[in-house]
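Those protein sequences? They're chains D and L, same order as listed. Counting in our numbering, the first sequence runs from 279 upward without gaps. Counting in our numbering, the second sequence runs from 279 upward without gaps.
Keep in mind the hints are simulated off the structure, nothing from the lab. Honestly, I wouldn't trust all of these hints.
For chains that are exact copies, the list does not tell them apart, and a pair is met inside one copy or across any two.
[To be verified] Straight line, CA to CA, 25 angstroms or less: simulated SDA-like cross-link-like pairs of lysine to any residue:
#	residue 1	residue 2
1	K282	N367
2	K282	W355
3	K282	N366
4	K282	R324
Predicted model only: the values in this text are computed from it and were never measured.
Number of protein chains: 2
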Amino acid sequence: MAVKVLAEEAPGELRFAELRRRIPGISQKMLSATLQSLVRDGLVARRVEPTVPPAVHYRLTELGLSLERPLSALRVWAETHMPEIDRNNQLADESPPN
Amino acid sequence: MAVKVLAEEAPGELRFAELRRRIPGISQKMLSATLQSLVRDGLVARRVEPTVPPAVHYRLTELGLSLERPLSALRVWAETHMPEIDRNNQLADESPPN
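Hey, can you work out the whole structure from these sequences and the hints?
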């Protein structure tokens with residue numbers, strides 16, 4: 279989800295607070311850990327602007343951008359088929375276990 | 279990984295033991311939980327042959343097959359870029375934290 283939001287902004291950057299605003303329901307801790315891991319993998323670049331307080335900006339790297347296409351295909355699949363999967367789960371709840 | 283192995287066999291079926299043999303390092307418990315979840319979602323069909331002991335066969339459904347293409351694209355991306363990601367992680371270990 280962080281990759282998707284950053285891809286929408288690419289090649290531009292987003293600040294932490296703006297990223298968080300665009301990912302409903304994510305905690306500060308979870309987003310922070312996700313970004314740290316993406317930066318470590320080289321998918322996201324982090325730039326600290328030496329203001330007071332420091333402004334931290336994030337953008338997708340070339341590697342991160344190359345992930346967006348296959349990830350987006352999977353996202354589209356999930357969004358397309360989620361109603362069917364939800365129905366299958368409901369049916370499984372209703373039928374007796376075997 | 280279970281989806282990949284079943285896709286290689288599609289539209290044929292695989293028995294539990296054969297599936298496990300083709301997924302190196304997976305535990306019986308983990309494979310069993312994975313298959314249960316895939317069956318519940320409607321991605322995999324389970325067929326019990328009433329022999330003694332019963333033989334249990336698994337195959338991808340149409341829905342499961344439709345997942346294979348986007349999932350495969352993501353797998354190819356991961357395999358292609360894993361060396362680069364590993365290098366990035368090594369560099370992160372070597373450079374001082376900031």
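| request: Give me the numbers of the hints this structure contradicts, sorted from smallest to largest. | output: none
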